[in-house]
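Listed below are the residues making up each chain.
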Amino acid sequence: MKDLNMEELTSQYFDVLKELGNIGAGNATTALAQMIGCKVDMSVPQVRLLEFKEVGEIVGGEEQIMVSIYLQVEGDVEGSIMFMLNKAAAAHMVNKLMGGMLGIDETNAAEYEFGEMECSAIKEVGNIITGAYLNALSGLTNLKIYPSVPQLGIDMAGALLSVPAVEFGVMGDNILLIQTKFSDDVELDGYFILIPDMESYERILMSLGVM
Amino acid sequence: MGEVIKVGMADLKTCSGEDAVTTLGLGSCVGIAIRDPATGIGGLAHIMLPDSTEIRNNSNRPKFADTGIEDLVSEIVKLGGNRSRLVAKIAGGAQMFAFGSKSDMIRVGERNVIASKQKLSDMKIPLLAEDTGKTYGRTVVFYPKNGEFYIRSVGMPEKVI
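Sequences listed follow chains A and Z, in order.
For the first sequence, our numbering begins at 129 and goes up steadily by one.
For the second sequence, our numbering begins at 2 and goes up steadily by one.
Derived by calculation from the structure, the hints in this document are not laboratory data.
Please note that a few of the clues may not be correct.
Heads up, simulated BS3-like pairs for lysine-lysine below, C-alpha to C-alpha not over 25 Å straight-line [to be verified]:
{"id": "1", "chain 1": "Z", "residue 1": "K79", "chain 2": "Z", "residue 2": "K160"}
{"id": "2", "chain 1": "Z", "residue 1": "K135", "chain 2": "A", "residue 2": "K251"}
{"id": "3", "chain 1": "A", "residue 1": "K251", "chain 2": "A", "residue 2": "K167"}
{"id": "4", "chain 1": "A", "residue 1": "K181", "chain 2": "Z", "residue 2": "K14"}
{"id": "5", "chain 1": "A", "residue 1": "K181", "chain 2": "Z", "residue 2": "K125"}
{"id": "6", "chain 1": "Z", "residue 1": "K79", "chain 2": "Z", "residue 2": "K118"}
{"id": "7", "chain 1": "Z", "residue 1": "K160", "chain 2": "Z", "residue 2": "K14"}
{"id": "8", "chain 1": "Z", "residue 1": "K135", "chain 2": "Z", "residue 2": "K7"}
{"id": "9", "chain 1": "Z", "residue 1": "K7", "chain 2": "Z", "residue 2": "K146"}
{"id": "10", "chain 1": "Z", "residue 1": "K79", "chain 2": "Z", "residue 2": "K135"}
{"id": "11", "chain 1": "Z", "residue 1": "K7", "chain 2": "Z", "residue 2": "K118"}
{"id": "12", "chain 1": "A", "residue 1": "K181", "chain 2": "Z", "residue 2": "K7"}
If you're wondering where the values come from, they're calculated on a predicted model, not measured in any experiment.
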């Protein structure tokens, strides 16, 4: 393994990731729109390299309750992938997915308790979104990427983020976050974290002609 | 009322008097609270990984259990704490996602707890209490003056150890 360091990643690589975020989010919105049955917009994603200390604040505070989908990838790229959105946004999405039968609106979305059915629905949403990003990555790089079964976590942002942070922590002192806003009638902030191992980083960069 | 000083991920802070130190949303990380009961000087470290010697990029000392505890102790002593009187409490080290233990990274919470305890015992600092493991995140607040260590989790009553 070569001595590739997170801090040395170039701005060119950021652009590549941003493009990846764009394509991924594009795919995801199409898939989501079909599933929910209404128009979904998305904004240009932001790619940010953050110090560990800053991550919590970016997603709205370490104690902000978030819903996150975490899965591992295998194949030419190995590593893990996390998608998270705040609980209110997740409740809103699940409600949409179920045709509004949960009766969730802005007033009660944050307090809504997720049961088994809601968890399963949000896992599916996460699956679609992470799948869309992985397809974008796989399409751009021609690398084979196989995702594992997703795991769901509902907890404080800091606690959930500690999982990818630890994986990044092995490589450096920063975490790479792709932030995307989805919106239909309300705005949903989604955060997407991709953590390939170092060898896979090289493979991705090489396939993209950056290295 | 004193001030509550925030400790970020891979960070450590000390305080004294009425002040407290806090860290929000501990997941697989471990919060290590150490104080000198006689002077009420103490601090909190938020470590992410068990062992600095396993990793090449190890210049960020508070990131690791071993170097983090060493630095926290020397900061407390610098502030006027007595090395021989120090006592500790720890919290955190949860397993946030239940993957089959394919890689060591998944069990990092458990390893963080083991490494933290080992380091404390190597440095002869008694561990008075702990709230570790399980599958949920924790927010902790530590008052070095009286040694109270408050732990909050989602959907659970606040605990004091």
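(request) Please work out if K181 of chain A and K125 of chain Z have their alpha carbons no farther apart than 25 Å. (result) Distance ~30 Å between K181 of chain A and K125 of chain Z Cα, so the pair is violated.
(request) Below or equal to 25 Å on CA atoms is what counts here, so check K160 of chain Z against K14 of chain Z. (result) 22 Å, holds
(message) For K135 of chain Z and K251 of chain A, compute the direct alpha-carbon distance and say whether it is at most 25 Å.
(response) 22 Å, holds
(request) Please work out if K79 of chain Z and K160 of chain Z have their alpha carbons no farther apart than 25 Å. (result) With Cα atoms ~30 Å apart, K79 of chain Z and K160 of chain Z exceed 25 Å; violated.
(request) Would you mind confirming whether the straight-line C-alpha gap from K79 of chain Z to K135 of chain Z stays at or under 25 Å? (result) Status violated; Cα separation ~35 Å.
(message) Run the distance test for K7 of chain Z versus K146 of chain Z: straight-line Cα separation, threshold 25 Å.
(response) 17 Å, holds
(request) For the pair we were handed, K135 of chain Z and K7 of chain Z, check the Cα-Cα distance against 25 Å. (result) Given pair K135 of chain Z, K7 of chain Z holds - Cα atoms ~24 Å apart, limit 25 Å.
(message) What's the verdict on K7 of chain Z and K118 of chain Z, does the C-alpha distance respect the 25 Å limit or exceed it?
(response) 23 Å, holds
(message) Next pair to validate is K181 of chain A with K7 of chain Z; report whether the Cα-Cα distance is within 25 Å.
(response) 10 Å, holds
(message) Please verify whether K181 of chain A and K14 of chain Z have alpha carbons no more than 25 Å apart.
(response) Answer holds: K181 of chain A to K14 of chain Z is near 13 Å, not above 25 Å.
(message) Hinted pair, alpha-carbon criterion (25 Å max): K251 of chain A, K167 of chain A. Please report holds or violated.
(response) Distance ~21 Å between K251 of chain A and K167 of chain A Cα, so the pair holds.
(message) Need the status of pair K79 of chain Z, K118 of chain Z: alpha-carbon distance at most 25 Å?
(response) 23 Å, holds
Violated hints, in rising order: 1, 5, 10; the structure is consistent with all others.
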